Each structure stands twice: as structure tokens, then as C-alpha cells.
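Trainee: These are the residues of each chain, in order.
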Amino acid sequence: MSEDAAETLKIEIEGWEGPLDLLLALARNQKVDLRQISILELVEQYLGFVNQARTLQLELAADYLVMAAWLAFLKSALLLPRNPEETPSPEELALRLQLRLERLNAMREAGARLVARDRMGRDVFPRGNPEGLRVVRQARWEAEIFDLIAAYGRISARTRPVMHVVAHRDVMTLEEAIERVSALVGSQVDWSVVESFLPADAAGLYRKSALASSFVAVLELARQGKVELRQKSPFAPLYVRSLQ
Amino acid sequence: MSDALARAVEAVLFAAEAPLSIEELRAHVGAQADVRGALAALERFYAGRGIELVRRGERWHFQTAADLAHLLRRDREDSRKLSRAGIETLAIIAYHEPVTRAEIEAIRGVQISKGTIDVLMEAGWVRPAGRREVPGRPLMYATTQGFLSHFGLASRRDLPGIDDLKAAGLLDPVDLALEAETSETVTDGE
Amino acid sequence: MSDALARAVEAVLFAAEAPLSIEELRAHVGAQADVRGALAALERFYAGRGIELVRRGERWHFQTAADLAHLLRRDREDSRKLSRAGIETLAIIAYHEPVTRAEIEAIRGVQISKGTIDVLMEAGWVRPAGRREVPGRPLMYATTQGFLSHFGLASRRDLPGIDDLKAAGLLDPVDLALEAETSETVTDGE
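Residue numbers (the numbering used here), protein chains in the order written: chain B, -15 to 228; chain L, -4 to 185; chain Z, -4 to 185.
Honestly, I wouldn't trust all of these hints.
[Stated by the list, open to error] Per label pair, the in silico range of CB-to-CB distance:
1. B:Glu75 to Z:Pro133: 26 to 34 Å
2. Z:Asp113 to B:Glu115: 43 to 51 Å
3. B:Ala45 to Z:Pro123: 36 to 44 Å
4. Z:Asp113 to L:Ala13: 47 to 55 Å
5. L:Arg126 to B:Gly116: 38 to 46 Å
6. L:Glu117 to Z:Glu117: 33 to 41 Å
7. B:Glu115 to L:Glu117: 25 to 33 Å
8. B:Glu75 to Z:Gln106: 22 to 30 Å
9. B:Glu115 to L:Gln140: 32 to 40 Å
10. L:Gly119 to B:Glu115: 26 to 34 Å
11. B:Glu160 to L:Ser150: 49 to 57 Å
[Said to hold, decoys possible] Among chain Z residues calculated to face chain L with C-beta under 10 Å, some are:
12. Asp(-2)
13. Glu5
14. Asp62
15. Ala162
16. Gly164
Simulated from the structure, these hints should not be mistaken for laboratory data. These numbers come from a predicted model, not from an experiment. Ideal placement from N, C-alpha and C gives every residue a C-beta, glycine not left out.
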């Protein structure tokens, strides 16, 4: 390791971005194509740097020491009589290291060429005051005539005075019942149950209606003094007799 | 005037954020430069192109040719369906025009937002139609020719009347309509 | 290609605030227009002038000629001064995309701080580009249209030296390159 390199390294110790970065800098000091690099020489330089840092009592990050240990192992593996069974071989490990250095070097150079290009806003400029392009969005509103008419129907239905329409049912009105009972009661001499005044064919809802109306009719006729009523107990048959 | 100078003035004017005076141009391209000559050359060069070099007072700048302004804006139509509030409001205006917003609300039984009538005006179906001569002089609304043609109507008289709506079952209160479907003994309640 | 069309494309590109694609240009000048032909004509027309028409990715825009930078360079500091880590990371993404953070770290030999990629994304040069379908599904990164525009590249094929790097196998992962090398050695040896 040359004196010069050691001096440089001493000064720049803060600047390295990790062991691979340092290795690349050392490799470039060999001033040969990275493909021709001597890995052994590189290992010597790296270990020399680490030792120097130790003697200067500089604090080295752990990854530098890990790399130093690995390189020391690689060095001995490359120098000692090899065990052919051992994989990966030390040569392969050395090649792997060399490939990694080549890759990092390639990207470092590519980055430098990239940032040296004519860059927008630094070397070339877009128009300073563009008029700008405008997209004018227009809504095309859609509705069908049926939607319109149905909507009006809906509003009218919603807001017209509410009319409750009761579906028509067959009923016997009170007037009808009074007439019937008045006519029939006169033709009977003895007590008769209310049900006997209902139309013979009355059935279902109509019969219920007729019964209710006839009941109210006999109450009305009794009030008028035209008939009298008799019932033995609550819910027992109700008897009617003419008073005339 | 050299070609190199015209190129320089061209680039400086292009990149400038505001029109530049002769002095400002000189500060970029050289104090001794025949900037006026370069500007004249550029003016000729760009005459009739999509870009023009124009003078505003004592300042110069590039702008797009005025007759191409229509290309710089692009219309895009999105088709959108009218909301329920929108269609109901439109229906009320069509059947009752001219009608104020308060009257529309009274008929709908619901308040309408400002946006609802705006949308109908944007669609070109509704227009302001004078003011009602009552306190506050509220604006009245009516339908347009565009409304008639969109809905395929020759005139507003073509809108189905209340009797037509009733016959079509469109006026049935909801609960009755329901009963009509479930029972056949229903007769007209009126 | 008509002169009228070249004028129209010229005006639209000139007015645009960002590079435009063929489709975007068509939206302004007419769907059937031979925009490509017009662009070629404009490119020839502006060659060597102070303004140039350039393609960046699939988009086109006008910019000042690079050799006039000295007239235009603004006094302000380059606000996009990148750290060395930033430059290397950007180069690795550009030459290897799409690439994961672990792959970037493998090439650089150090961990990259979260901020490094953030700065590149904030500059608009790098974007997330899906996930690698390996355990952990790491995010991949790639460059953007803005990257091409900023560095004056018509496409990624214009990246400096990319063909040589590819031919030398320097853009392959180390393990792949190693396989190639060792298999060669093996065949040599036999």
C-alpha cells in the first residue's frame, strides 16, 4: 500500500458510504480496468486501511470490520492449498466481489453522466409563460318525456288533498233495516228473535251488516214505543214483539 | 443581425415569464447586440405561423396566433341524468309556467336548492321569465324552445293534462294504486 | 400534412404547460389529423433554431436549445441538487427498472435511507411500479415521464451507455452474471 493512498484514506474516512464504496475507491487506485483488478492486492489495501484506522484509534462502523474479517478469510483461502470439495471456491468469491465492484462503478458513472445532461430548468427551458390548454367540461343533461310526466303525476298525487276511498261493500243501511223490521214485526203475533228479521239469503259480511242494522233498528223502534224487547241474560237471544 | 443573435433572442423570449423590453433582452444576449434587428427578423420569420412575435408597448413576447385560440380549449361533454328534484322542478315549471321558486316549492311540498334551477338553466330547458309583481318581486321561470325540442313537444299544450295522467294511472295516490292491484272489487271512489 | 395542421399543432404545443401525447394533440386539432406528420415537419422546421421541438417518452414539447443555456441559466441555486446517494439510486432505478429497494441496496452495498427514494419521488422522477411477486411482495420502483423530460431523454433507450452496459452484462443481477462467468470457466476447463 502506497504512502499516498494511506494519507488520502486517513483524511477521507468520513466520506465512505460503506465498505463496498471504500473497496471501489481502493480498486480505482490500482488504475486498471476493474476486470483486471488484483483482488489480493485489494484485500491487502483494505486490511491495511482498517489497521491504520485502528492505530489512529478511529471508530470504524461494524460493517467495515465484518468486511475486513471476510476479506481476511478470502485472502487465506486464496493463498492456502485449496480443498477442492469446498464450495463456493475462493476464486468464485473473488469473482463475485469483482462483479459487485464493477456494477457499483457502472452505476456511479451512469449517474454522473445522467446529471451532466442538459437538464430541464437548468440548461434547457420550457416556455416561461404558456397560455395553457383548457378542457371545458359540459354536462349534457338527459331526461325522457316519460320521466317528466311521471314526475308531475308523482307531485300531483303527493300534494292533492288526500281522499280516503273506502271500497264499496254490500251493506244494509239503518233506514233499510227500520223499514224491514217495521213491516215484518207487524205480521208476527208472538215473540220473535231478531235474527228472524234478516233476509233469508243474507250471508257473510252482508248478514253481519244486516244483523247490526236490524239490532239498531229494533232499539230505535222500541224507543219509539212500537215494539218491546226481551232478553233473559246478556248474550242470550233477543226477542222482539209488536206493541200494536 | 446574425442568425446566432436571432436564435438567442428567440430562446430568451420563449423562456421569459413576461414580455421583455429591448434592454432586458440585451442583458441576456449582450449589451452591444442589435436586438431590434433580431426582433424584426423574428417577426418576419414567425408571420403567419402558429406562434407570433408581438409587441406590447415597449415589450416583446411570443403568443399563439389569435385565430387559433379556439384550439386551445377543448370541450368535453359528460352525459348526466337529471336528479329527481331536477325532473320534478322541471315538470312543475312546464305545467305551471311562469312560476316562482316559492310557488314551485309550494307545489312540490319540498324546498328546492338554488342548484336545481341552475342545472335546468344550464341544460337550456328553463329560462328566467320576468318578475311576479308581488312584494319581493320574485323571479319567475318558464321553459324554453330547447325544452320543447329535447322532449319532442310541438308546444306545451302537448303535455298530457291532468285527466290524461289520471287515465294513465299516474295520478293515483300511492296507497290506492296499491289497493287497485290487490283487489278487483274497487270502484271509483268519487 | 397541411400547413394549417402544422400551425395548429405548433400553437397547441406552444400553449401547453406540459409535454403532450399524440392523442392529447388530436383532442385539440382534430381526431383524424396526421399529427405525427405535423410533428415531423415542425421538428425539421425548428432544427437549429433557438427553440426546439423534442420528444420525451411518448410526449412532445418545445424547449430552448441546449447550447443557449448560458444565456438563460437563472441565478438561483439548483434546487434539485442531489446527494451522491440520490444520484446513484436514481441511476440504478433508471438502468434496472423496475427494481426493489433491496436490489438497489445490493448494488450500492449499503442500506439506503427512506429519504433518498422520497426525494426522487418528490422531484417527480421515480414512481412505485407494482410489487415483486416474491416473499414479502416488496415494492418496485421505476422512472417517470418527468424523469425523461428533465434529463432530456426521448426514451429509456437513450440512457447514456445503456447498450454497452447491457452487452457487458452489468445490468444483470450478480448471481446471473456469476453463472454466466463460471459456466464459461467450466467449458473452458473441459
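Trainee: With reference to the structure, classify each hint as holding or not holding.
Mentor: Okay, the hints, checked on the actual structure:
1. B:Glu75 to Z:Pro133: 26 to 34 Å: holds (32 Å)
2. Z:Asp113 to B:Glu115: 43 to 51 Å: Given a distance of about 34 Å, which is not inside 43 to 51 Å, the answer is violated.
3. B:Ala45 to Z:Pro123: 36 to 44 Å: violated (30 Å)
4. Z:Asp113 to L:Ala13: 47 to 55 Å: violated (34 Å)
5. L:Arg126 to B:Gly116: 38 to 46 Å: holds (40 Å)
6. L:Glu117 to Z:Glu117: 33 to 41 Å: holds (40 Å)
7. B:Glu115 to L:Glu117: 25 to 33 Å: holds (26 Å)
8. B:Glu75 to Z:Gln106: 22 to 30 Å: Once the Cβ atoms are compared, 29 Å apart, the range 22 to 30 Å for Gln106 of chain Z and Glu75 of chain B holds.
9. B:Glu115 to L:Gln140: 32 to 40 Å: holds (36 Å)
10. L:Gly119 to B:Glu115: 26 to 34 Å: holds (29 Å)
11. B:Glu160 to L:Ser150: 49 to 57 Å: With a Cβ separation near 54 Å, Glu160 of chain B and Ser150 of chain L satisfy 49 to 57 Å, so the hint holds.
12. Asp(-2): holds (9 Å)
13. Glu5: holds (3 Å)
14. Asp62: With a minimum Cβ separation of about 9 Å from chain L (threshold 10 Å), the hint on Asp62 of chain Z holds.
15. Ala162: Hint on Ala162 of chain Z: violated, closest Cβ of chain L at ~38 Å, above 10 Å.
16. Gly164: violated (42 Å)
In this structure, the hints that do not hold are numbers 2, 3, 4, 15, 16, in rising order.
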